[in-house]
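**Q** Line by line, the protein sequences are chains P, H, C and F.
Read in order, the letters of the first sequence are residues 1 to 609 in my numbering.
Read in order, the letters of the second sequence are residues 610 to 966 in my numbering.
Read in order, the letters of the third sequence are residues 967 to 1226 in my numbering.
Read in order, the letters of the fourth sequence are residues 1227 to 1643 in my numbering.
Treat the hints as calculated values from the structure; they're not laboratory data.
Some hints could be false.
To be verified - In silico lysine-lysine, PhoX-like type, Cα no more than 25 angstroms apart, as pairs:
# : chain 1 : residue 1 : chain 2 : residue 2
1 : C       : K1103     : P       : K544
2 : H       : K735      : C       : K1103
3 : F       : K1499     : F       : K1449
4 : F       : K1293     : F       : K1499
5 : F       : K1289     : F       : K1528
6 : F       : K1257     : F       : K1293
7 : F       : K1257     : F       : K1561
8 : H       : K819      : C       : K1194
9 : F       : K1449     : F       : K1257
Please read all numbers here as calculations on a predicted model, not as lab measurements.
Chain by chain, the residues:
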Amino acid sequence: MRERDLGIWREYTWRQYLDEVLALAAGLEALGFTAGEPLVIIGDNRARLYFAMVAAMMLRGFASPVYPEMPPDELEHFSRGGRARFAVAEDQEQVDKLLELRARSGAPEHIVYDDPRGVAGYRAPGLIGYEAVAAMGRRRLDGDPGLAPALMARARPEDAAVLLHSSGTTGQPKGILLKHRQLIASVGNAATAGYFEEGEEYVAYLPIAWAGDFIFSVAAAIAMRFTVDIPERQETVMRNLREAAPTLYFASARSWDNLLTRLQVGIAESTPLKRRLFDYFLELAIDVERDRLAGKPIGAWRRLMRAIGELLVYGPTRDQLGLSRARRAYTAGEAIGEDTFLFFRALGVDLKQFYGQTESSALTAAQSSDSVRLHTVGRALPGVEIRIDDNGEILARGENVFDGYVDDPEATARTLVDGWLHTGDAGYLEPDGQLVVLGRIGDVVHTRGGERFIPNYIENRIKFSQYIRDVAVLGAGRDFLAAIVCIDMEAVGHWAQVNGVAYSSYAELSQKAEVYSLVAGALRHVNEVLPPPLKLKRFVNLHKEFDPDDGEVTRTRKLRRNVIERHFAQVIEALYAGATAVEIEAPITYATGETGVLRRTLSIMEVGS
Amino acid sequence: MFYRLAGIRHTRYAADRQLWPVPVDRAQIAALTAFAAAAPLLLSNLYLGSYLLPWIIWSTAALGLNLLMGWAGQIHLGYAAVMAIGAYSTIHIVRAGLPFELAIIGGGLLSAVIGLVFGFAALRVKGLYLAISTLAMQYLVDWIVSHVQAISGGSQATLQAPAFRVLGLPVAGDMMRYYVALAVCLVVTSFLLNVGRTSFGRALAAVREKDFAAAIVGVDPFYFKLLAFWCSSFVGGIAGAVLAFCYYRAVTPEQFNLDVSIQAVAMVIVGGLGSVIGSYLGAALVLLAPIMLNNLVAALARAGALPMSEEVLSHIPLILYGGLIVGFLLFEPLGLAKVYDNLRNYFLVWPFRHARR
Amino acid sequence: MLSLGNVEVVYDRVFLAVKGVSIEVSEGGMVALLGANGAGKSTTLKAISGLLMPERGEVTRGEVRFNGRDVAHLSPPERVRLGIAHVLEGRRVFEHLTPDENLIAATSMHRDRRRIAELREKVYGYFPRLKERLSTKAGYLSGGEQQMLAIGRALMIEPKLLMLDEPSLGLAPYLVDEIFAILEQLNRDGVGILLVEQNAAAALDIASDAYLIENGRIVMSGAAGTLKENPDIQEFYLGRAGRKDYHAVKHYRRRKRWLA
Amino acid sequence: MRRTLTGLALATVLSAAALGPAAAQDKAPIKLGTALDFTAVYTFVTAEYSQGQRDYASLLNAKGGIKGHSVEIMVVDTGNQPQRGIEAYERFKNEGAVLVDFLSTPVSRAVVPRALADGMNVITLFHGRSDAADGTVFPTIFPMTPAYWSQATAIVKYIDDQEKGDLKGKKIALVMIDSPFGREPLPVFEELCKRLGYEFSAFPYPSPGNEQSSAWTQLRRFKPDWTIIWGAGGGQSVSVRDAISNGIPLDRLASVIWLSETDANIIGAGQTKGILRFEGVAYGKDLPVIQAIEQEVVAKGKGAGPAEKVGGTYYNIGVASMALFGEGARLALEKEGEPLTPAKLKKGLESIKDFTADGLLPPVTITGEDHQGGGRGRIAAWDGSKWVPKSAWAPAYQDIVWDLIHKSAEEFKASSK
């Protein structure tokens, strides 16, 4: 494991890793941590937080990772209603939050902090530095030679390993407790199918509370002996990614989209020669890739040009992104845009999708290198069974499926029937066993005219435009479809610059008439493929992006429609009332956690044709 | 396009300061070194003896001067005199019977000592005054060399470089001379490459940027300026000796006159202050461009493209050469090293335009 | 009066310093440009005054208009003649000249000696302290006096727009007050002011509008009062003046969203 | 009459070249390399010198070359920089040159060690190392004409003749540039001083010679009977001007070879009447060879430079250099056979005997020991429009010169060990 700290990569060998974990485990035990207990872990990706996760498991407890930017209210829910006695915090900010939580609920009793800056002077009971705990543990280990092997032998396959949470698009996130057995099965299935190899290099930058990060950075990393590189800070991920040059790279569909947008903006402002070369060779590569996926033959000339492009464009670009060594690149979580997918594959990144839920330890089905098809997510992994029930819902069964939601037998009963996990996704299986995912079952809605549609599907199409970062499609029970659009600051900003549109902030830029036309164009493009009753008619550009702090999206950036409908009720009314502008008062949460209300006038525009 | 930076990371701060973290740069250096080592096999004697050999020797000299001008921020208009001291004293020491290896060190030391004496006198003053003081050194050494026959070699004022051996091998023929010069050049180059990474180099930079600010952080500017003079003169002396033994094989005062000093300064400025690669590029431009332009114009003239008299014809390269230098400096005031750097940056950020923040 | 449209500045051909910066200063307006170290504030000012060249910078995109005229391709002296005065960061007075000589040095474009005398008197009117130190070498003046001299020197060219780069840097609070009071006075007398400051509280007090620049991009703009009320601005730039003591400075890693 | 004269001249030239027109052009050309300084220090002489060389080569080629071989002169500018001279030298060597010429003391000096090692013939007419006259130590260096030491003795000989062989008590002053070139004749004057009993004093002026007034003021106090000026290029006219203003009679002022009609005209052709100089090659157009060039080359528009320069001092020196080379090459081909190599050319040059190029040169005889060609020269005076010989071609005090040559050559030999 390598952690980038103050400009250099600090390395931990497996031996040091073990020592750290043992020391921490011994220390935590001395503090009273017992089997079956949760250890709340809050912060960014840091080596010590990972050590803490493993230490909890070693003591037969389980880790409960939490998003670092989560406000105390949500935190309370994530720490099992405030019943977790132990917590590990990254820094002062998180410590403060936990102390606030404790003032409210009495727990956690013990707060272990990693970064002592600002915290060292605190006199709260039960607050203790990571180093102090580890030192305590080391003393114990030194005093008792049998302790280390005993600790190592303690954990059982049936023990809970980690408490993760569903994303909670519709309500409170539900707690999902995964056991060692399930995690190992999941990783093992993927390994058998060739998705991981031993000794991969992986960059741990996803939020630690997301199943994806846990599976890759901890479960697979330990099982398959990955080298895990931890970036310095969230802001430096891209740069650190390039330094680390992982062999295995996993990112959400949105991240790939963002990466593509950044690339496109970067190329758009590059020198004409570089730009032309890039455009020419990329178009070529996308053509080649498309034909290859469709099984068409690739001629010698195109092969040659592809090789030249590799030298001139693809190789250097992958290098700039830090993906030059990435033998395996994955995306999951939601459907990735076809353009984005093709683009990166054309660039020579062997990007593949997999499909899974936290409930199934993240890995259910996956594309394999030899049979990547654009609209499927691949076949079921070995050891996993998939079938489609009569409602068109995807069901999955296997060793990797969890045993039920925490403290929610009702939901468990709905989700787990005879060992089959009801994913809540609609889909079908192709004749060759490839799974096609259509969207959330519950997402299928109808217009007033009875026209059936899946907002998420249309939204994904709209988001192919580099200018649109987020969009919410409305229309359930209405006469027509409308959209609330969040522009992409970087791409639209660059576009504005090139086209001489002056602006000085996101809010101002979003309301420019030129930007409205730009967005309308993007929407019209999508309208071309939509049936007439489902064509988008009107839209509004929002003055800000959807933000998890404001509750409009989940921490994994999935839309929370009910929140959006509540926050922007005035906007939605205006959209359907035919107004050309709307004055809104939207609630807002500042970085400090303070809330306020913003008053703004937003224009509304017809998409037109 | 050529630069692949992914996967370059450092696990220790020391590693962060390594010379060439980028694999392409390392490969480039390795290729150049390999080429330099194999040059006698690859190049005809003409190119080896009349281009490559003087180029590496002058690069060595330019590096020495650059240490003083680029790193320590001092000016020196008498660098040819320093080289002359090294050349003459080495020849005299070899004639006295000492081995070449010792003699060249002796020549370097003598240059360094005399350079230091002038440094002492000169460093009481700064900037333009320093330029004039070093100019005085040039005139003084010129005068002494050409008037003291014991130094300059009798009434013909020409001193043959005696036959010599290095490490027991007789140095005869272009190839051996080339290797001797190359070895010296490599040693000096690696010294200068590492200067920037040492406390010495940082002290010099501090003195260059603001000498009183340097004093405030405990760097004695006077001491470090002198040290810079000392080192620079030592390198200059050695380069002078190599020039005399390996290239001219005979020394006359004209080989080290003021013109030569100016040429050395031009090499450093055109190449780029404080840059190792700049010293090489500067030496190449100042030394080789006139020759190449000359040959180019001569070739054109032979092909009948330039119907004019020999006298006019021979001035065309001069005009081109002047234009070239002015052009380069207008285009890139920080010298050829910066041109190289720009080019490198262009490819470093490929296919983008800007470096990522 | 001054309008920057999508200005992009690149240093050394590859280092992008500011991108898409648009700023408006109205006739006689007082605008503050806020931002952290290295955000691109000084670069923006230099793009306006034309001082990028010596630092190998270049305006690669966008336009700089002054009174409707594109000045992006004019030399710094030409821009000064149009009435753009730039007071550099760190008080670059001519140390070996007296304050008086410093002022006169800025009048090379004037032919009219009487006018020069008038201007000088006017400057001394704003800065009576300078008159007291008339014959001392400028290098021996105190930091505050040097700053005043630097502003006074800029005033000698009768600017329509006065740009100041961190005038409060390293000065005692009472001197900052004094200088800011003079700036307000100048503004009332009709000089447009573009003020770059880290001392956001002081700047927002006297400015009518403000822009916030971060990582080379404008992230927020609006009336100074509105910005001052914004909790994010308070958190990151105003330090919650008065609410927290220094013992409570938090080591938080905060995402900045700049909602306005 | 005139017609017969030119006819005769042509005949001699042609016989010297010993050619048959039919045999021309089908044999490999003989290549020479001249790397000259057109742009820096030697600009005063180079253009005319090179013009003379190339015009003579054109003449040879027009008449069928040397035993059927055409002559090709490669011309390159060195800017008086040794490294460029070395580059040119190596290039010439690669191109197969049999002889090279630099007309520059520093460049020649830098190339000499290489040329000796390579066995390449270098001609150094009227300049370069005086001790190179010793063909045993400098086997491939060919001054072929009186070098500086012989020029010094020739001038003193003329003075001695004018003073009827009695120089006792007479004062001779030397005003010279303070450089190795200027100091080179000092041992000769001092040695002759001992023999002839005159009083001698030297007055150096600093290089490059634009400012000499202090030397001349001191010289006036010395009250010399004869004054010798030793410089080159721009410094020469300054010397003459200062001499005039210090009241030195010009018919008692003698110069080293580098004083030409150009210098006289700069100061004023009339004002400089009477001034003396050493001459190793005849001046003017009234020479058969020059006539032949006028007819066969210049008149046919093949001249290498402005026609008015033909017959000038330095032009004729250029012609003389090629005439000597042509004679040497002819002898080499006759005696040693084809093809012409540097080594054969060396032998050919060393076989030149009493060659005058029809009055252009004093009789030149070069041997394996004597590369100076006998050291004959004469003194000429400027009459306001041309140089008029004042003495006959003759060697002077060659014993002294050769003592010095041997001594210096020994030093050289020792030094390269």
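**Q** All hints are to be evaluated individually against the structure, with a verdict given for each.
**A** To see whether the hints hold, each was checked on the structure:
1. Taken as a hint, the C:K1103 and P:K544 pair is broken in the structure, with Cα atoms around 54 angstroms apart against an allowance of 25 angstroms.
2. With a C-alpha separation of about 23 angstroms, the suggested pairing of H:K735 with C:K1103 holds against the 25 angstroms cut-off.
3. Of the pairs offered as hints, the one joining F:K1499 and F:K1449 holds, with about 21 angstroms between alpha carbons and a cut-off of 25 angstroms not exceeded.
4. Note on F:K1293 and F:K1499: the hinted pairing is violated, with a Cα-Cα distance of about 45 angstroms set against a maximum of 25 angstroms.
5. For the suggested pair F:K1289 and F:K1528, the alpha carbons sit about 13 angstroms apart, so the restraint of at most 25 angstroms is met.
6. Distance hint between F:K1257 and F:K1293 is fulfilled; the C-alpha atoms sit about 14 angstroms from each other, no more than 25 angstroms.
7. Between F:K1257 and F:K1561 the CA atoms are separated by roughly 19 angstroms; this keeps the pair inside 25 angstroms, and the hint holds.
8. In summary, the hint linking H:K819 to C:K1194 is not supported, as the alpha carbons are separated by about 41 angstroms, beyond the 25 angstroms threshold.
9. Our distance criterion of 25 angstroms between C-alpha atoms is broken by F:K1449 and F:K1257, whose separation comes to about 52 angstroms.
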